[in-house]
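Residue numbers (the UniProt record's numbering): 1 to 393.
Careful: at least some of the hints might be erroneous.
Label-pair distances were calculated between CB atoms; the ranges are [stated by the list, open to error]:
| # | residue 1 | residue 2 | range |
| --- | --- | --- | --- |
| 1 | ALA358 | ASP131 | 48 to 56 Å |
| 2 | ARG243 | LEU265 | 13 to 21 Å |
| 3 | PRO72 | GLU389 | 22 to 30 Å |
| 4 | GLY74 | ARG242 | 23 to 31 Å |
| 5 | THR371 | ARG242 | 28 to 36 Å |
| 6 | ARG148 | PRO359 | 58 to 66 Å |
| 7 | PHE234 | PRO372 | 55 to 63 Å |
| 8 | PRO372 | GLU392 | 35 to 43 Å |
| 9 | ALA373 | HIS249 | 17 to 25 Å |
Source of the hints: derived by calculation from the structure; they are not laboratory data. Bear in mind that the values here come from a model prediction, so they are computed numbers and not experimental data. Beta carbons: idealized from backbone N, C-alpha and C, even for Gly.
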Amino acid sequence: MADRGRSGVVVGGGIGGLAAATALRLAGWDVTVLERSAEGGEIGAGLTIMANGQRALRELGLADAVVTSATPQGGGGVRDRSGRWLARVDSAALERELGTSAIGIHREQLHRVLREVLPAGALVTGAEVLDVTAGPPASVTFVRDGERRTITADLVVGADGIGSAVRRRLWPDHPGPAHTGVTAWRSVTAERWPLDLVGAVTWGPGTEFGTVPLVDGRVYWFAAVAGAPVGHRFADEAAHLRRRFAGWHAPIPDLLAATEPGAVLRHDLQHLAVPLPSYVTGAAALLGDAAHAMTPNLGQGAAQALEDAVVLGRALARYEDDVPAALRVYDRTRRPRSQAVARASRWSGRFGHELRSAPVVALRDLLVRATPATVALSSLARFAHWEPELVES
């Protein structure tokens, strides 16, 4: 891959940051990725990648490697806590509509695929960013192993998550992330699950539980509760969940019992309630959660970061001698779509598991059961349709 003399620094070595580095390298750029953690691994459990995320991976040349570590998510839908189906997903119809089924994958496996395509030395771990200037030229100052360094580059990409240091430094007037009032737990069963299982979501009043089968036979599960106190922690989070979901339909209690207590992750969910007016400033751009952190209700967070990376790389390749023009096109292309997905995801949560009043929940369930399958399919596929075209004006 020829280096055209352009250099970029990506702050953040998660899924979005590594995808951005791959996209920039495909555009002919020399890239350094600065990751704060010492190990450079992905923190988390599993995720689902819809057709748009898979299309982005194909554009990056990574789809085949990812598919070998993933499993198709056939069937499924939404149930109530007794196990009654409120809505079913016609997997064959969804695949006809989108050309592929959704896939489930462990975050670390996706991260590994993204990490392994980078050249040795491109990912710098244990790098704590201290300062960023937008330029041009842009620069990033960081400390690693007690040594302070500054890198000057043609572009800085902030892909450092919802608490983005790049966003705080370069968009100082933005209020930053806000709590949604929802707490989420995630984990993966310790052993291979012995029974057939489809990916599905179950709603209870103010509560949700979801399952995603993984390629190694284990099950990624997630739970969410509206109204849990922010910052509160239980001495044994797994035991708390076993009590809360006792009596829910099978296999939810058994999945919780099959999870090692120390492997349960807990997060008070946040999002960017105030949309950014732009994803770019000077020679700097935001990407992924740093730009449009959203709730996980539509399962689009990782896919939107992958889309960002593809579009940024395409724009830089097209405008190889005009970085400001490339960044304007990136912003025009990505901001309307990603912010629309974020709004829809937040609405989905409010309509779904965040409802707590019994009469309202009963009405919601009735409406979901009465929704024609074609309407439900169209809604599910709405954001999964995506073509990586640039918006020029």
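Against the structure, the hints come out as follows:
For ALA358 and ASP131, the hinted distance range of 48 to 56 Å is satisfied, since their beta carbons lie about 52 Å from each other. Between ARG243 and LEU265 the beta carbon distance is about 18 Å. The supplied range of 13 to 21 Å therefore holds. Between PRO72 and GLU389 the Cβ separation comes to about 27 Å, which falls inside the hinted range of 22 to 30 Å. A C-beta distance of roughly 28 Å is found between GLY74 and ARG242, which places it inside the suggested range of 23 to 31 Å.
For THR371 and ARG242, the hinted distance range of 28 to 36 Å is satisfied, since their beta carbons lie about 33 Å from each other. The hinted window of 58 to 66 Å between ARG148 and PRO359 holds, with their beta carbons roughly 60 Å apart. Look at PHE234 against PRO372: about 42 Å separates their beta carbons, and that is not inside 55 to 63 Å. Evaluation of the 35 to 43 Å hint for PRO372 and GLU392 yields a pass: the beta carbon distance comes to about 38 Å.
At about 22 Å, the beta-carbon gap between ALA373 and HIS249 stays in the expected band of 17 to 25 Å.
When the structure is compared with the earlier hints, a violation turns up for hint 7 alone.
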